[in-house]
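Novice: Below, each chain spelled out in residue letters.
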Amino acid sequence: MKAKMFLSVLLFLIMNALIVAQSDYETLQSFKSQYKQIEESIKSASSVDECTAISEKINNLRSDFVDNKTFLDKSLYPENFESAFTKIENALETKKTDLTQIGALTTQVGTLQTQVTELNQKNEELIKQINELMVKSEKDRATITQLNRLVSQLRGNINQRDLLVRDLVDSLLVEFIKTPQNLNQKEAQAIISKVNKGNLFYNIERTIADNIQFTKVTQMTPGDFSQMKKQHRDFDKVWNQIGPRLSSVYLSKKQKKSEIAQIDSLFVEWSSQINNEIWKSIHRQFLEKEINLIPFNNSDQFVSSVSAFIDNEIKNLDVKSREESENTFLAFIDSVYSKTVEKEWVPILFENNMMTQAEKDIIDAKIEVWKKEAGPSYSYWGYIIVGAIIIFVVAYMFQKKKKPAIKAD
Amino acid sequence: MKLIIFISALFIAVGCSTLMLQPADFSWPVETVLTVKDNGFVSEERHTFDLNVKPIFFEEFNDSNSVAGKEIRIIRDKAGHYYFTGAGFKNIYMFMPIEGGLVLEDKISISDSLALQKPAFNQKPAYVELIDGTNKYLVTGNEIVRAK
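Those sequence lines, one after another, are chains A and B.
When you line the first sequence up against my numbering, it's residues 1 to 409, in that order.
When you line the second sequence up against my numbering, it's residues 1 to 148, in that order.
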């Protein structure tokens, strides 16, 4: 019994000595090390449940070190005991909010993915039908109506699918924004799984390809082009934000890297296809009024083509009849340039930096010169004015004659 | 005449008195543990100073060539003394700051035969504590007392 008591006292003394002989430096290092571990686990947490476990760890750390609060207040420079805990608690709260948001987005992405797949199939079918109708030799009223209906349906579907794919890309962008620039393996894997789940590369490629195809199989209005240009701009902007980061995620995967490069070039192709179609549509406006401009594919060529046409018309004034020259002038100005090109197409060209005001001024100056040389003769106006005066005078005299004379009493 | 001498003496006394800023507390809340660099210097970041510690190692081990990578522990007490020691040391070195450096005030012997194994300084309100395993010493100025 005595021996037992002696041993207990000895053990107590040894333990006490060990507890007392604690280095403050080690206490500080131990706190810092556990604190850092919690910080790391907050960064890598991938579920709200993990956050709850981390919250428990924070509470344990606080209670383990609360006796050293005064010491830690002085030693955790520039933090103190409370501010250090406030810092990790805030970081944990932010992570919880992010994870909740990401969870909601993941559900949303699942739904979006199904919708996108359905729309892809529908669009494929529509493009096929439109192509068949386009090659049909006899385009009766019913065919044209059906064609227009299908084009309108396709336009709606493509817009809807673009928005859905944009949402998919946006959800990925949110994830990128919330993760550090240099992703660790776990973070990179989470991104990869999201990309695979959303079939992202295929859907982006498909979206661009369908848009390019749409410009080829349909005749688009200036409004359609304006809208598509905006879509391209917005989508390209988002892709430019995630593209380079996806490249770093897929650093070692050659095939994926080439898919990213392929998407980059598809964006360029899409832009140049829209531009080409805009210039073609403007050219078509002139052709429909039998004004044969040299085809153009950019603003420089457009100015040159119009200038060449006007120069040629001025040069041929003596060769062609006056009436013929005036008709060409009126067709060019009244029916095409002022009526549609200047009003509907030039604003789109300006808006998308496809033409400058200086270039338009060159065309306007050319038209002014042409107008002086070949515009409708002012003698016509002279006849009209004289005729109007004669009519007015005759009418006035006729009125005067009709008035009954008033006799004075 | 007496008045003139008195006033002159008063002026001289005022002119000669030293400007004092007191009380002051120079103590560090926790020791700093620094690794000696190739050039024999240690860099302290929180209190921002660089110091050549080779002379301490030479004094302790008669060798200042193999100091790179060794650890030295430093703490400052309330009065402004700097205490230096490390594993393998048998002494604590107490310094006071002077212009451009530190000057040794005292070399406090801990043991003639046994060297410190895992020393650590702790700041306590009235003294600096040195612990080494289960051994504990209290240092105040140049006095060292082995605590029970």
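No wet-lab data here; the hints were simulated from the structure.
The C-beta atom is built at its ideal place from N, Cα and C for all residues, glycine as well.
Be careful, since some hints might not be right.
[As the list claims (entries may be wrong)] The calculated DSSO-like cross-link candidates involving lysine-lysine, where the alpha carbons are at most 27 Å apart (straight line), are: (1) A:K36 to B:K118; (2) B:K54 to A:K74; (3) A:K32 to A:K186.
[Said to hold, decoys possible] One-sided excerpt, in silico: chain A residues whose CB lies under 8 Å from chain B: (4) S23; (5) Y25; (6) E26; (7) F31; (8) Y77; (9) K122; (10) E124; (11) I127; (12) T143.
Novice: Decide, hint by hint, whether the structure agrees.
Specialist: Now the hints, each set against the structure:
no., hint, verdict
1, A:K36 to B:K118, "holds, 25 Å"
2, B:K54 to A:K74, "violated, 30 Å"
3, A:K32 to A:K186, "holds, 24 Å"
4, S23, "holds, 3 Å"
5, Y25, "holds, 5 Å"
6, E26, "holds, 7 Å"
7, F31, "violated, 11 Å"
8, Y77, "holds, 6 Å"
9, K122, "violated, 65 Å"
10, E124, "violated, 64 Å"
11, I127, "violated, 66 Å"
12, T143, "violated, 82 Å"
Figure legend: structure checked against the earlier numbered hints; hints not met, in rising order: 2, 7, 9, 10, 11, 12.
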